[in-house]
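Colleague: Protein chains in written order, with numbering that gives the first Met the number 0: chain V, 0 to 454; chain R, 0 to 454.
Hints in this document: simulated from the structure, not taken from any laboratory.
Since this is a predicted model, take the numbers as computed values, not measurements.
There could be a bad hint or two in this list.
Just so you know, same-sequence chains aren't split out, so a pair can sit in one copy or run between any two.
[As the list claims (entries may be wrong)] No more than 25 Å apart at the CA atoms, straight line, and that leaves these computed lysine to aspartate or glutamate pairs for DMTMM-like: (1) Lys112 - Glu87; (2) Lys237 - Glu87; (3) Lys65 - Glu42; (4) Lys73 - Glu330; (5) Lys65 - Glu96; (6) Lys237 - Glu96; (7) Lys65 - Glu76; (8) Lys90 - Glu37; (9) Lys78 - Glu96; (10) Lys90 - Asp418; (11) Lys325 - Glu76; (12) Lys364 - Asp430; (13) Lys65 - Glu330; (14) Lys116 - Glu42; (15) Lys357 - Asp377; (16) Lys73 - Asp58; (17) Lys90 - Asp58.
There are 2 protein chains.
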Amino acid sequence: MNLSVKPAVAALLGSLLLSTAAAATPVQGTGVAWGIVEGLTTEIGPRPAGSPADHRARDWGEAKLKALGFSNVKVEEFKTLAWQRGPESAKLTAPYEQPLAITALGFSVPTPKDGLKAPLVYFPTLAALEAAPEGSLKGKVAFIDHAMRATQDGSGYGPYGNVRRQGPSIASSKGAAGVVIRSAGTDSHRNPHTGVTIFAKDVKPIPAGAVSNPDADLIARTAARGQPLAIDLTLLGKPFPNAPSGNVIADLPGRDPSLPIILVGCHLDSWDLGTGAVDDASGCAIVTAAALAAQQGGQTLRTIRVLWSGNEEMGLSGGGGAAYAKMHGNEPHAIAMESDFGADRVWQVSFSVAPENKPLADKVKAALWPMGIVPHADAANGGSDVEPIIAAQSLMVIDLGQDGTRYFDLHHTPDDTLDKVDPAALQQNVDAWAAVLKVIANEPGVIAKAPKKAE
Amino acid sequence: MNLSVKPAVAALLGSLLLSTAAAATPVQGTGVAWGIVEGLTTEIGPRPAGSPADHRARDWGEAKLKALGFSNVKVEEFKTLAWQRGPESAKLTAPYEQPLAITALGFSVPTPKDGLKAPLVYFPTLAALEAAPEGSLKGKVAFIDHAMRATQDGSGYGPYGNVRRQGPSIASSKGAAGVVIRSAGTDSHRNPHTGVTIFAKDVKPIPAGAVSNPDADLIARTAARGQPLAIDLTLLGKPFPNAPSGNVIADLPGRDPSLPIILVGCHLDSWDLGTGAVDDASGCAIVTAAALAAQQGGQTLRTIRVLWSGNEEMGLSGGGGAAYAKMHGNEPHAIAMESDFGADRVWQVSFSVAPENKPLADKVKAALWPMGIVPHADAANGGSDVEPIIAAQSLMVIDLGQDGTRYFDLHHTPDDTLDKVDPAALQQNVDAWAAVLKVIANEPGVIAKAPKKAE
Numbered sequence: 000m001n002l003s004v005k006p007a008v009a010a011l012l013g014s015l016l017l018s019t020a021a022a023a024t025p026v027q028g029t030g031v032a033w034g035i036v037e038g039l040t041t042e043i044g045p046r047p048a049g050s051p052a053d054h055r056a057r058d059w060g061e062a063k064l065k066a067l068g069f070s071n072v073k074v075e076e077f078k079t080l081a082w083q084r085g086p087e088s089a090k091l092t093a094p095y096e097q098p099l100a101i102t103a104l105g106f107s108v109p110t111p112k113d114g115l116k117a118p119l120v121y122f123p124t125l126a127a128l129e130a131a132p133e134g135s136l137k138g139k140v141a142f143i144d145h146a147m148r149a150t151q152d153g154s155g156y157g158p159y160g161n162v163r164r165q166g167p168s169i170a171s172s173k174g175a176a177g178v179v180i181r182s183a184g185t186d187s188h189r190n191p192h193t194g195v196t197i198f199a200k201d202v203k204p205i206p207a208g209a210v211s212n213p214d215a216d217l218i219a220r221t222a223a224r225g226q227p228l229a230i231d232l233t234l235l236g237k238p239f240p241n242a243p244s245g246n247v248i249a250d251l252p253g254r255d256p257s258l259p260i261i262l263v264g265c266h267l268d269s270w271d272l273g274t275g276a277v278d279d280a281s282g283c284a285i286v287t288a289a290a291l292a293a294q295q296g297g298q299t300l301r302t303i304r305v306l307w308s309g310n311e312e313m314g315l316s317g318g319g320g321a322a323y324a325k326m327h328g329n330e331p332h333a334i335a336m337e338s339d340f341g342a343d344r345v346w347q348v349s350f351s352v353a354p355e356n357k358p359l360a361d362k363v364k365a366a367l368w369p370m371g372i373v374p375h376a377d378a379a380n381g382g383s384d385v386e387p388i389i390a391a392q393s394l395m396v397i398d399l400g401q402d403g404t405r406y407f408d409l410h411h412t413p414d415d416t417l418d419k420v421d422p423a424a425l426q427q428n429v430d431a432w433a434a435v436l437k438v439i440a441n442e443p444g445v446i447a448k449a450p451k452k453a454e
Numbered sequence: 000m001n002l003s004v005k006p007a008v009a010a011l012l013g014s015l016l017l018s019t020a021a022a023a024t025p026v027q028g029t030g031v032a033w034g035i036v037e038g039l040t041t042e043i044g045p046r047p048a049g050s051p052a053d054h055r056a057r058d059w060g061e062a063k064l065k066a067l068g069f070s071n072v073k074v075e076e077f078k079t080l081a082w083q084r085g086p087e088s089a090k091l092t093a094p095y096e097q098p099l100a101i102t103a104l105g106f107s108v109p110t111p112k113d114g115l116k117a118p119l120v121y122f123p124t125l126a127a128l129e130a131a132p133e134g135s136l137k138g139k140v141a142f143i144d145h146a147m148r149a150t151q152d153g154s155g156y157g158p159y160g161n162v163r164r165q166g167p168s169i170a171s172s173k174g175a176a177g178v179v180i181r182s183a184g185t186d187s188h189r190n191p192h193t194g195v196t197i198f199a200k201d202v203k204p205i206p207a208g209a210v211s212n213p214d215a216d217l218i219a220r221t222a223a224r225g226q227p228l229a230i231d232l233t234l235l236g237k238p239f240p241n242a243p244s245g246n247v248i249a250d251l252p253g254r255d256p257s258l259p260i261i262l263v264g265c266h267l268d269s270w271d272l273g274t275g276a277v278d279d280a281s282g283c284a285i286v287t288a289a290a291l292a293a294q295q296g297g298q299t300l301r302t303i304r305v306l307w308s309g310n311e312e313m314g315l316s317g318g319g320g321a322a323y324a325k326m327h328g329n330e331p332h333a334i335a336m337e338s339d340f341g342a343d344r345v346w347q348v349s350f351s352v353a354p355e356n357k358p359l360a361d362k363v364k365a366a367l368w369p370m371g372i373v374p375h376a377d378a379a380n381g382g383s384d385v386e387p388i389i390a391a392q393s394l395m396v397i398d399l400g401q402d403g404t405r406y407f408d409l410h411h412t413p414d415d416t417l418d419k420v421d422p423a424a425l426q427q428n429v430d431a432w433a434a435v436l437k438v439i440a441n442e443p444g445v446i447a448k449a450p451k452k453a454e
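All chains, please: the whole structure from these sequences, using the hints.
Modeller: See the structure below:
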């Protein structure tokens, strides 16, 4: 439909409404957490590791944490292997010419500048690609389909995400000149999902991209017609060695500075396509606001440290978590936690805890029961920003599991923007985290080294 | 979140699922209507007027209508004023550097190749822009915000669509060097909505684009901070005079070929960003499948003609509807109808009918009551593809009103793809249209010239 609006009615409504209509009033939140998500997404926006915006984000974070009253606010810079996007486009050229909405995967290597023109071979699953004979993809581009669906705990990201993580490496091992995957995402918009791919050491890196779900549907329907497919693929992104990145850390000192500290992490960097609202400005907002909220009613016994980590997204070979563990491995930590799964509500809690600290875990569970947050049997693992220090010091870990139903609609896409953050759900996260921090940061007993398994 | 999947679980699930997981199985429909939408979107895709795909779509339509058993299948070519997209990008450059998801509006003129760099002036509404002093926007780019919300009948497109239709012309009249609007759309994805703008005759055309709703939110939040804004705007699309386009027409001959015919229209062209699934492959699918369904149980008394119109989207100065009226104005028509509002279910019916044909309108209403389709008091107008022949012959018109709640989420965006079509709703449309056609194409009485107003 273009102009088929009833003209008289449109004109009348137009003149009536023009004089009174307000501008759009997007949902707005209040408070510390909202201020961090709103500020980072508005004043910084996309902040991939190594970019000028990544640097501006650290400055922004340092100023923000000082303004919020944190102590020992520090930017700790490090060099890291990152990846930098270039121009990118693709179209099916046979049997039908169709433009494709595509984005390169992190650690893709570039195609020729004027595009890689090659037959496209359809594989319905990663297993089907694995079954392809050696050398059978020489000079061809592999397309890997799959069937990721939304789940509340986000666990589909494990197996279906392997199409992104391992698919390109497997395609290359079969001789492919390039690879395109269906995005590891659960939405139906023309916004493909980026994310890093992992080329095995003995495999030649090849250009690797992801198309949106509607484009993958189109390729699947076209392949089903049985005629040969061909693609013209341009992906000019490339690895960015020794990229400058950094962490921002800040403390809320406890009454007894000699006690091992509580570390709460998130990541400050984001993918370049969106503004990193749910991944992971929200995580930084949640842990920071909760650390402050835990002081309401009195300073906690233990110091709470927030870690806004750099280069989580492309930090395969050492991001902010590794840099933190290296710089702070000599300081005693008691417990580590991380928030990096969006801003939807917390619904479950899990632990990695020594048997002698089961009573502490029970106190945490008791604090969360009134909020409807249920225990989960899986072992807590923390996440990339805190895993290196957890591993180095065998730390107790608590995971607050968020509702992930919508998360992979947005994850690593241009759609990761502020309007996707529900202020009420964001605040529920802050409340849940504050409830946990009040318990653990006031624990006077010994917090023992924990086995990396469920309680 | 990047790699913070519990590794052991991911590996286990990965190996389990890799061996059994199927590829994605998108919703699939069956039948004539689904075949047309699926075929056009898969085998042709985007088909803007004047493009090679527009030509391929006519060939496709001719072959399809012949295969479906239509008679007198003809491609009727015409030349038209169209518009052709070029490279496009934009970023805020002050107070914060942020990329913007933008698309040019149809009939925008090009910026300089290396971009128009200018202050950006925020107007919360079209009324605020209209109130700006003459000459006050010299050398500046205007941003026009608004607050379009979804409505079931789509009527918000009248007033809020005026921001797109009239906003650029008003901005130019105030001296603006360029204009950017919030998309006339109701979604929250980074997919801006294109569509034509209308420069008044005495106004200089300027570059004109639309940003997505999340980007417009960003501009609004930034403007609210009170610092001067600036933009770097590249929109290289330009008008395309004498573009080759054309209509496809086909008949299902009636038992009495001397009686004035029933014309059912839709448009074959689409915007270039999506594949034109809801706008308007679905319309062509609905009218065509319904015309065939109306013959089940016996050939209708009157001939039913389908018109798959060319250049509806950019046909301000004469598209397929005008070309049809010119070529077929000497043939007697009785009633015209059009489907061009997506594929969601029909919920209301309206008429433009002569008083003596009120009994015929009542028969149509009676045929629709069992489907829960209610009469609406507004006069039917048909829509752009059939309006010229309606005006030329003062035809009776029947509008079947569809649920438009989702329509402006998708309209004129990259997201207008097959997965947005609900096969059950598409079939409900076919059933409703067939019920109407069975009544009107079997009407033996005189169908009088109708006033252009409600019954």
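Colleague: Take the hints in turn and mark each one as holding or not.
Modeller: Checked hints:
Proximity of Lys112 and Glu87 under a CA criterion of 25 Å is satisfied in both settings, with 10 Å inside one chain copy and 19 Å between copies. In the homo-oligomer, the alpha carbons of Lys237 and Glu87 lie at most 25 Å apart both inside one protomer (12 Å) and across protomers (23 Å), since each shortest distance falls under that limit. Only within a single protomer do Lys65 and Glu42 lie at most 25 Å apart by alpha-carbon distance; the minimum there is 17 Å, versus 58 Å between protomers. Proximity of Lys73 and Glu330 under a CA criterion of 25 Å is satisfied intra-copy only: 16 Å inside one chain copy versus 81 Å between copies.
For the identical chains of this complex, Lys65 and Glu96 are inter-copy neighbours only, at 24 Å across copies versus 55 Å inside a copy, given an alpha-carbon limit of 25 Å. In this assembly of identical chains, Lys237 and Glu96 lie within 25 Å of each other by CA distance solely across copies; the values are 23 Å between and 27 Å within a copy. For a Cα distance limit of 25 Å, the shortest separation of Lys65 from Glu76 inside one copy, 18 Å, qualifies, whereas the shortest one across copies, 69 Å, does not. Taking the shortest alpha-carbon separations for Lys90 and Glu37, only the inter-copy value of 19 Å comes in at or below 25 Å, while the best intra-copy value is 36 Å.
Taking the shortest alpha-carbon separations for Lys78 and Glu96, only the inter-copy value of 24 Å comes in at or below 25 Å, while the best intra-copy value is 43 Å. Taking CA atoms no more than 25 Å apart as the test, Lys90 paired with Asp418 passes between copies only; the shortest distance there is 19 Å, against 31 Å inside one copy. When the C-alpha separation of Lys325 and Glu76 is checked against a cutoff of 25 Å, the pair qualifies only within one copy, where the shortest distance is 12 Å, while the shortest distance between copies is 71 Å. Proximity of Lys364 and Asp430 under a CA criterion of 25 Å is satisfied intra-copy only: 14 Å inside one chain copy versus 56 Å between copies.
For the identical chains of this complex, Lys65 and Glu330 are intra-copy neighbours only, at 22 Å inside a copy versus 79 Å across copies, given an alpha-carbon limit of 25 Å. Taking the shortest Cα distances, Lys116 and Glu42 sit within 25 Å of each other only across copies (20 Å), while inside one copy they are farther apart (40 Å). In this homomeric assembly, Lys357 and Asp377 come within 25 Å of each other (Cα to Cα) only inside a single copy, at 15 Å, whereas the closest approach across copies is 70 Å. With identical chains, the CA atoms of Lys73 and Asp58 are at most 25 Å apart within one copy only, with a shortest distance of 10 Å there and 66 Å across copies.
Taking CA atoms no more than 25 Å apart as the test, Lys90 paired with Asp58 passes between copies only; the shortest distance there is 22 Å, against 40 Å inside one copy.
This entry satisfies every hint, going by the numbered hints stated previously.
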